[in-house]
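Trainee: In order, the protein sequence lines correspond to chains A and B. Numbered according to this note's numbering, the first sequence spans residues 839 to 946. Numbered according to this note's numbering, the second sequence spans residues 20 to 132.
These aren't lab readings, by the way, just hints derived from the structure by calculation. We treat Cβ as the ideally placed atom computed from N, Cα and C, and that holds for glycine. Hints should not be assumed to be uniformly reliable.
As the list claims (entries may be wrong) - Label-pair distances were calculated between CB atoms; the ranges are:
#, chain 1, residue 1, chain 2, residue 2, range
1, A, Gly866, B, Arg128, 32 to 38 Å
2, B, Val107, A, His916, 24 to 30 Å
3, B, Lys76, A, Ser864, 19 to 25 Å
4, A, Gly878, B, Asn47, 27 to 33 Å
5, B, Thr119, A, Gly878, 25 to 31 Å
6, B, Asn47, A, Arg896, 28 to 34 Å
7, A, Asn902, B, Thr45, 14 to 20 Å
8, A, Ser864, B, Ser103, 25 to 31 Å
9, B, Ser99, A, Lys839, 27 to 33 Å
10, A, Asn860, B, Ser102, 32 to 38 Å
11, B, Arg28, A, Ile903, 35 to 41 Å
12, B, Gly35, A, Thr913, 48 to 54 Å
13, B, Thr90, A, Ile903, 32 to 38 Å
Said to hold, decoys possible - Distance condition first, Cα-Cα at most 25 Å in a straight line; then the derived DSS-like pairs of lysine-lysine:
#, chain 1, residue 1, chain 2, residue 2
14, A, Lys906, A, Lys938
15, A, Lys938, B, Lys76
16, A, Lys839, B, Lys76
17, A, Lys906, A, Lys891
18, A, Lys906, A, Lys893
19, B, Lys30, B, Lys76
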Amino acid sequence: KNEVEQSPQNLTAQEGEFITINCSYSVGISALHWLQQHPGGGIVSLFMLSSGKKKHGRLIATINIQEKHSSLHITASHPRDSAVYICAVGGGADGLTFGKGTHLIIQP
Amino acid sequence: DAGITQSPRHKVTETGTPVTLRCHQTENHRYMYWYRQDPGHGLRLIHYSYGVKDTDKGEVSDGYSVSRSKTEDFLLTLESATSSQTSVYFCAISESSRNTEAFFGQGTRLTVV
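For reference, chain B alone in the conformation it holds in the complex (with noise of 0.2 Å):
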């Protein structure tokens, strides 16, 4: 298995306040990318990340900042989270942009209330 962990694993924040997840990777992958997945959705990725403090923009990235500051940590920041927000959020790797293997952590259930 790949070396991908996300914490916590699980997490119940109120309304209005920050919350941060982290990815942590042992593989020395260059991309690494945070998703969420709701019912009916699908998993839609967040941002992405293509090497340290390079990132960009997903498709669902409003409410959400990322930071890289190493190789092998990603975290996910909700500045001031939201009911919307809750979700499973699930972390993943890959060596490369094109053609090779993506690698997923074990996800994170996040519920605002």
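Chain A on its own, in the form it takes in the complex (with noise of 0.2 Å):
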């Protein structure tokens, strides 16, 4: 079973500062997924990788596959990127594994 480690666990910053957050996992995989959560809110697909990195607007996204890591980084953050930003691996067709999620919160 793979295991899944996001750091850190709780966040806080200032608006405009960049941020990071970093996903370990144990066993080797076909891609990896960054998700973003408002509070109270559904669950939302912010990038899928398998290698490399992928850019939307201020997120990018890193992975490296030997190392079974990867980076989620916000460029000029703001209040409305406040939210909970969880790291997920795909095993195959029995799901998804996740992590326990990065609580970020960016004060005006």
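Take the two lone chains, each set in its own frame, and fit them into one complex as the hints suggest.
Mentor: The following block contains the structure:
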């Protein structure tokens, strides 16, 4: 069973700061997902990646398959980025294995 | 946004009563999943389906059953609800089992009193 660890668990930063959230996993995978969940809200897929780097607006996700590690970066952070960010790895037909999430608060 | 709808969105029920949660999709995706989300545990897989009438157990399946009689609907049933099943339940869909994006419903908050 894949173990997925995220760090930090909680992060408070000031508006405009560069944010990094880390994810490591124990077993080789075919794809890694970054998800976002706002308080009381649903879960939205931000990225799915199997190699290299992807960028969407102010969000950047990278993955190092050899190191079994991924990072999610937020540039020029804004209070609306406050949410829980969840890393998940896909092991096949039996669904995703999730990290416990990183609670991010961006203060104005 | 992917067409995936969960109902009900909120429910309070008494211990020992049966409860059914519904997940409906309009994307014609083959794979459907039920997860529960609890503080300190993150999301965990309850059951999944890889086609009509094809289902299998996940990590935390005890006390739950599922059915999928149509591609678009995946039902989760708690035969006799217990307080330990108080949780937020999420349905998810994906087109195939590997390297495809997963789409999630808005969640169902279930409270068993």
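Trainee: Give a verdict on every hint.
Mentor: Hint-by-hint comparison with the structure:
no. : hint                               : result
1   : Gly866(A) to Arg128(B): 32 to 38 Å : holds, 36 Å
2   : Val107(B) to His916(A): 24 to 30 Å : holds, 26 Å
3   : Lys76(B) to Ser864(A): 19 to 25 Å  : holds, 22 Å
4   : Gly878(A) to Asn47(B): 27 to 33 Å  : holds, 29 Å
5   : Thr119(B) to Gly878(A): 25 to 31 Å : holds, 27 Å
6   : Asn47(B) to Arg896(A): 28 to 34 Å  : holds, 33 Å
7   : Asn902(A) to Thr45(B): 14 to 20 Å  : violated, 37 Å
8   : Ser864(A) to Ser103(B): 25 to 31 Å : holds, 28 Å
9   : Ser99(B) to Lys839(A): 27 to 33 Å  : holds, 28 Å
10  : Asn860(A) to Ser102(B): 32 to 38 Å : holds, 35 Å
11  : Arg28(B) to Ile903(A): 35 to 41 Å  : holds, 38 Å
12  : Gly35(B) to Thr913(A): 48 to 54 Å  : holds, 52 Å
13  : Thr90(B) to Ile903(A): 32 to 38 Å  : holds, 34 Å
14  : Lys906(A) to Lys938(A)             : holds, 17 Å
15  : Lys938(A) to Lys76(B)              : holds, 21 Å
16  : Lys839(A) to Lys76(B)              : holds, 15 Å
17  : Lys906(A) to Lys891(A)             : holds, 14 Å
18  : Lys906(A) to Lys893(A)             : holds, 20 Å
19  : Lys30(B) to Lys76(B)               : holds, 24 Å
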